[in-house]
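Residue numbers (our numbering), protein chains in the order written: chain A, 546 to 801; chain B, 546 to 801.
Careful, some of the hints might be misleading.
[Unchecked claim] Just a few of them, taken from the derived set where beta-carbon distance is under 10 Å, the chain A residues facing chain B:
1. 551
2. 785
3. 789
Hints are computed from structural coordinates only; laboratory data are not their basis. Keep in mind the model is a prediction, meaning the values are calculated, not measured. By construction, the Cβ of each residue, glycine as well, lies at the ideal position given by its N, Cα and C atoms.
2 protein chains.
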Amino acid sequence: MHSMQFTAQTTSNGVVERDFTVDGIPGVLWSPASGPERAPLVLMGHGGGTHKKWPAMPGRAHRLVDVGGFHVACIDSPGHGDRPRTAYDEQEIAALYRAREAGEPEGPIVVRYNAHLAERAVPEWQATLDALQALPEIGAEGPVGYYGLNMGTAIGVPLAAADPRITAAVFGLHWPDALAATAGRITVPVQFHLQWDDEHIPREAGLALFDAFASEEKTLHANTGRHKEHPRFEADSAVRFFARHLTRSVPAAALS
Amino acid sequence: MHSMQFTAQTTSNGVVERDFTVDGIPGVLWSPASGPERAPLVLMGHGGGTHKKWPAMPGRAHRLVDVGGFHVACIDSPGHGDRPRTAYDEQEIAALYRAREAGEPEGPIVVRYNAHLAERAVPEWQATLDALQALPEIGAEGPVGYYGLNMGTAIGVPLAAADPRITAAVFGLHWPDALAATAGRITVPVQFHLQWDDEHIPREAGLALFDAFASEEKTLHANTGRHKEHPRFEADSAVRFFARHLTRSVPAAALS
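Start from the sequences, fold in the hints, and give me the full structure.
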């Protein structure tokens, strides 16, 4: 049994935000301030260099709670947020900054480092999911979604391939190199986001990762713009995707 | 001035459906049974071999009226629905059936025939738009959307390139051959639908047409499945796209 502790709680705009730790890993759980006794869970993976409360995370969480009535959880990835960096973390981050300054491609470093982080993060996510499913308001029977772009995809793809509790996932903005073979073992519905003019990830590479998923239902959302110009309305697309796949009786607002 | 006549009217589920003709071209206008004095207009182009009241058309129209409060219009394309076929129409339709029976590619015939139909249809659409904008509940100042897949894209791309009144468009499911150059003159926001496993339109061909639009904002929605398996939830994506682009104050339901 994992050791889960709640350490802080606030409420804003109908959303309860609870900080927690599971086996010492810091996380945050967003939940409806009022609602049914039990609701589905969406796990959110943050991007590289950010953390569980980077603005996009509570922003997406509030939409997921508002529209879907879901519980939403995010944990700090290894070496991110409130977690210490190893010597290897420091080494790879320094390599990334050197490549950026030299105008060299980031891809080879990000792909390699994210694959390493995923090996550390997948068992942490599984322990977190065990602990979250032990909460009465979540439970072990409900469907579970995963939503993560960039590094959140590098971690989420092996997590979804390893853990059958995840029944729908939103991924995107990553290279296929270390992930395509694993993506080929994923059969749950997938929504995949890609930037058509990504200056880091070649278009063909992004399309190849989308193509690699074995899911019978998968949807690509490709938008004009560079890597960091991923449009905010795609967060709404993700919310509707989860409303469609995690909810038995979908709220009318989610379908409209 | 064009001759517009309303010929029939019914109301169901809060949507008024009015049959009309403009210069003898038969069309249908769906409108909110109650709502603001004036609302934006969405033009819908039907697919090849179908017509203005093919089930997908009223289905999409009802969603657009329900969520966006829009007026929605569709006219029969040349040689379709209530309109007579020319000898050339008969010849091309026969060629298409022969190709299908022989298991030969449909693309070359559909591309050629649709380009011909578009030449006839674009001025008809512009006359229809003139007449619709003369209605007090639509007006000449409001934004206009266009939504058409398959043949609806073959007609809609040259229409949107020719008519600056169209300020947002949903296209998809077509070859680039006769359209890519024209698409390169379109700069309004575009949502483009593509079937990832289309047995008629090669994947690269569909991606090439998406790529050809000059729009600063364009989004590709690619789904697993064959040509006719285009999922119904993409109609909701189109509705939300128009709600985002045609409405100044977007209804809360459309954003959720």
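So, going through the hints one by one against the coordinates:
1. Hint status for residue 551/A relative to chain B: violated, with the closest Cβ pair at about 29 Å, above 10 Å.
2. Nearest Cβ of chain B to the Cβ of residue 785/A: about 7 Å, under the 10 Å cut. The hint holds.
3. With 10 Å as the threshold, the beta carbon of residue 789/A comes within range of chain B, its nearest partner Cβ sitting at about 7 Å, so the hint holds.
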